[in-house]
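Model the full structure from these sequences, guided by the hints.
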Amino acid sequence: MKLKLLVSAFAAMSLFSAAAIGQSVAITNARIVTVSGPTIEKGTVVIRDGLIQAVGADVRPPADAQVIDGNGLSVYPGFIDSLSTAGLPTRTPQPGGGGPGGGGGQQAAQQAAAQAQQSNSNYRAGIRPEVSVVDDLRAGDSQFDSIRNAGFTAAVTVGRTGIFNGRSAVINLAGDSVSGMLLKEPYAQHISFATIPGGYPGSLLGTFSALRQMFYDAQQLQEWRKGYAANPKGMRRPPEDKSLEALIPILNREMPVVFNANTEKEIVRALDLAKAFNLKAIIAGGQESWKLTERLKSQNIPVLLSLNFPKRTASASPDADPENLSTLRFRAEVPKTAARLAQAGVKFAFQSGGLTAANDFFTNAAKAVEGGLTKDVAVRAMTLSAAEILDLNDRLGSIEAGKIANLAVVKNDVFASDRFVPYVFVDGKLFEQKEQPRQGGGRGPAAQRGGGNTSSAPATPNVANVAGTYNLSIDAPGQTLTGTLVLRQQGDTISGTMTTQLGVVQIAGGKATAGGFSFSATAEVGGTTMDITFRATVSNNNLNGTIDTPQGPVPVTGTKVP
Amino acid sequence: MKAKVECKKAKRFIDLCSFVFICGALFSVTAQSDGSQQNQTGRAGTFAITNARIFTVSGAVIENGTVVIQEGRIAAVGAGVSIPGGAERIDGKGLSIYPGMIDAGTNLGLAEIGQGANATLDTAEVGSMNANAKAIKAVNPHTSHVNVTRVNGITSVLSRPTGGIVSGQATLINLNGSTQAEMAVEPIAGLIVNFPRITQGGGGFGGGGGFGGGGQQIDFNEAVKRRDTQIDELKKLFRDAVNYGRAVEAYAKDKTLPAVPTNLGLEALIPYVRGEKTIFFTAERDRDIRAVAKFVGEMKIKGIILGGQEAWKSADELKKNNIPVIYTHIYSLPVREDDPYDSLFEAPAKMHQAGIKFAISTGDQGAEVRDLPYQAGIAGAFGLSREEALKSVTLYPAQILGVGDKMGSIEIGKMANVVVTDGDLLDPRTNVKYLFIEGRLLPLTSRHTELFDSFKERKSSEIIP
Amino acid sequence: MNMKRVIQYLTMAGLVFAGSLFAFAQKGGDVLIKGATVMTAARGTLENADVLVTNGKIAKVGKGISAPAGVRVIDAAGKYVSPGIIDAHSHSMLDAINEGSIAVSSMTNVGDVLDPRDITIYRALAGGVTTALLLHGSANPIGGQSTTVKFKWGHTVEEFPVAGAPPGIKFALGENVKRSNFTPQPGQTPRYPRTRMGTMEVIRDAFLRARDYKRSWDDFKARKTNVPPRRDLELEPLVEILEGKRLVHAHGYRSDEHYNLLLLADEFGFRIATLQHALEAYKIAPEIAKRGTGASIFADSWSYKLEAYDSIPYNGYILWKNGVVVSINSDSDERMRRLNLDAAKMQKYGGVPEEEALKMITLNPAKQLGIDKRTGSIEQGKDGDLVVWSGHPFSPYSRVEITMIEGDVYFDSAKDVTMRAELAKEREALEKLEMNRAPAAGGTPPRLPSERRSADRDEADRGNNR
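Residue numbers (our numbering), protein chains in the order written: chain A, 1 to 562; chain B, 563 to 1027; chain C, 1028 to 1493.
Just so you know, the hints here were simulated from the structure itself, not pulled from any lab data. Don't take each hint at face value.
Unchecked claim - Okay, the calculated bits of chain A under chain C, using three or more residues with CB under 8 Å as the criterion:
1) 305 to 314
2) 325 to 339
3) 415 to 422
4) 468 to 475
Note that the Cβ used here is the ideal one computed from N, Cα and C, for glycine as well.
Dropping the structure here:
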């Protein structure tokens, strides 16, 4: 009950912060990369009521417009991450772009088992296609800060557990309510060739036979229903089976099926299955899809290409074996995949593939450009091509009057390491970020946050000693929560617990900074989970900070217990 | 009816053996063998195999020669030797005479049935330091593996314990005898040390025919630490044994010194740490083999590499420290995906080229030791000369095991472990015609021939509708 | 690199670019092998003979054949040519081997989990193997569906299955299916069956259900029922067995349990295609022969488990003498490379004649797999699946020089050697690339090196190792 109180308080707070309705914004003197048409070297984009009202070299800002001087800036359609876990409370680990064979996600299986929710499905957790991401999505702008600040405005989102990952949604990366964020729901069914040990199917063999059997069973159910609807008398009634029912749209090609398949053999398996059941299939991951361009083209199957490029993570050791040549080749070839798909005429869009730093998305897109992809096509792969694959190109993916005002205003070359995105519009709502003073190698703030491929190991910072026990006061709207924070510290890594009326939160992998600390954690309250990020400064035994919650930031203060 | 069949089969012995003796034994054979065959320890006598091609191994091949076997030893070898009166003559026309083969890396006699019958497994003792465990105390003279192996021309094996770091002491046995004592050539033939290394599946050479690798996965860095710790432990153990030996000796000379309480583990190590007896170190990778060589040099001990996949790469260190190799990987897959397909077939040839002393062994638990000749033959297909291939399973293992003066070749005075075949010893199509161990002529029967004889003429009484 | 080099390189290294590059191999190759001792495995051994392959098929076998224009000639004087070896029991190139969660896993199909880049394929080719029956593991009385493949290393996976090969399925009896070596987890119900009694009941029950299933469809088609029956992937293959359309390959060791299965097949009116392993088949050779069932055996493995204690190397001879079609299999990625020497042992143990022994790794497995019309012997019209040996294939001193499938060379020992330097160069270049460099600091621990590569894979659930 207390949780409810808290949640509703957060919701109320965010309502008041909603953008003013009706006022227009005009970006003037900007280079406008429309994607659907020629780039306008100097022009204006007008945004009103969440839509692009006008775009062109000769467009004048309306009288009421808030004008943004776009001199030296480029306006892009908001970038689309064509497969992510954005908006999901727990960041489920995704099958990394690892080595060959990294697409399956054995971990996913265990999680599926762990997360086996109460369900009346006839099927084991992991083979329940009726699972829908929309039930797990959380509203709120701040959860998307890091990716939105990189220029992303929309994403396909779905969990990554089980064989059937369930139904995805396309969401805008801002919004006060889940319903308001949704662009398309359900979008697609998502399938991983994972295994879910502990019963049938318990092996990769069973994964395929179980999928097939369910497809056939769904076909039969549909037939049966038709017969029953026509004349129920004298016919046994068909069962109501929500799992099988969820498959009917994909068997009727009304809903696409996204297969997570990175390696050649996984992609072949997906293509075979798609062919056998005449599915409207999409390959996600697709890092070896360049080997199968002929088949992809002939089956007219697009690729949501992961930009999570594999790289060696293992440290060197004279006692270790050399890596397999096949692994070395795999890694070397992946950045060239996009160019090869483009050349072969296979439709593709970029996706983050589980990259944790949004910045790496662009770094790796730039590598794809080095690998032979033209910049135009690369931009398209994160805008209009994605919209086309998602069948949202009538409203998303390019800068055209009447389309949704999802825009990214970029300073410097979008593929260069000094790229900076001062303004992002989502549904016409402006998000602004200030460029921070450059440090060292002239990298943008995103790079500083994200680290990733380009970041070199920073020198161990001079960190404060924050270990200890604190009495907390959390200033949630309409209610003040109290609690205790216990921090342990080793170097710049902190762990511990936070206890409030709502329960105990375990802290691991937090970071101490020069003047304070931060950590992210998952609070489990009343059966649901909530991702929080706690940032605070500590001086003279006083703690001051903010807890970022899915519902917005909450101030927190505290004192250290001597 | 059955007896008739078996007597027919036994006909080839009639010239040589007492008909009654052989058939008497075969009458007792049943379908489910009780292993009684192993009690047949053959017949001693003076034998002369004439007109045969003699592969002396130590010297040139002798065409149309004679080998005389007397009192368990080879009494004469040559083209024109005189045959003692009373000798049983075996016409060796069209046949070849070879020294019996020696497999220097088995667990034969310590493991009857690899899976599903733990009671028959005596390869690995509990704990990691078992210097005092002795294979000779567990070898089963009546294992069915003995006959099955020897009828293919393998007359002696080193049987060794596995597991832990110091597994115990191996034994060199002839494949004949009703007691361990009758079998033993060198009852204590060396110490087995699984040289600590970083490897998947808990290291060691253990398992043999079993399914290793199932153990708990450990982290690489942990494994490095564990190896380094284990090498330190091993060094400490060896130094302790040196000190223990010194103290025991001192006390023996001077009883006024404090008495040294007996420590079986250290006591067993004394001859090894003093370099008097040989230690077999299992090791596969170049770096581990080099580590063994370094260890051997440092500790001033006598070492042999057992396993030796990459031993050819460590030739310099092995030669410097006088370390031979017992190679056990003809029947292994190249470990790494990028290894050449023939890397483990070629290893013996490469060792030969590099001047490493080596022998080829099956490394088998027992049942498949009989493939030793074919394993050597395969090495012969991949760069090793046929002569060297033959030596690698006869004279070389004898020399490496320190018994080169008494077995491993057809030479006067050597133990009469002699095999007479109708073809190339290393060819799977070849049949062994006569088999002698320590001069005893053995029946060419085994659990397998018994079962064969029991069933080869079986007719069905079944009526299918 | 010029095109030829590229293709050579790719074939040898297994690095395959877009399938289109390989279009050249689709129709099968042309080649003339001259002056060899040709062991046909059907019509004796021909001295100083030639074999001409055109469009992947054996066009002519005989003396003095001249090469059509542009056809590659392999001078095989002093060498031997045999049919490509066929291994009727392999688990190579499978990403999963057992679906052990259930006693009847007939709905699974190993064809779903093929890995055409498994290095064991190349190593098998280097041992002269061109064709293999890929089987589900032995964790279930009725296991999964099998696939017969040719080892077209370097090609895409869809080119591996042998066109027209009848479908098969794995059955298993004894130790593995009764889970002798598995302790159920606490709280886990032991899987039925736990005895040989239960094993037979599981199989009987499945066939009775398959009969009922068949009837339910017949009734529906005859409009006796109005609800379409559920398409049952478990029972469909069993109906195919009952209809004689699917080959049963039945793993088993003890003769009594194989005999039980033969009786059950009698009862349901189908033929068991092969008894696999069948280490005691010699005890019931006449019963096997009478039913036209084949035996696919190890040459001489024994004593590795209790069930294998009565195995004898004379098994092949006794079966052969009784008229059973015998093949010698490997069930092992390692052993697969030396099946020629396993065949040679059949001459030694009992005295199977040379050609009959050769058939046990060529024509006989082809018969057992229902592909003898197109492969298994060197006869006009059959696929050009050939091995050139440096000497007699039964000699341990011989090695494979060339292995070809349908006239295309998939292994060439000379080229393998020249490739090594190029691969080393390639590695050196690749290791320098950023993505392949070890992190300067930190980083995850490297993989533990291993000293052994698992070879035997058909031990219940051990197969799911990747």
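Consistency of the hints with the structure:
With a threshold of 8 Å between beta carbons, the proposed coverage of the stretch 305 to 314 of chain A by chain C holds, since 6 of its residues qualify and at least three are required. Three residues within the 8 Å Cβ limit are the bar, and the stretch 325 to 339 of chain A against chain C gives 8, so the coverage statement holds. With 0 residues having a beta carbon nearer than 8 Å to a beta carbon of chain C, the stretch 415 to 422 of chain A misses the requirement of three or more and the stated coverage is violated. Only when three residues or more bring their CB closer than 8 Å to a CB of chain C does the claim for the stretch 468 to 475 of chain A stand; here the count is 0, and the claim is violated.
Comparing the model with each numbered hint stated earlier shows that hints 3 and 4 do not hold.
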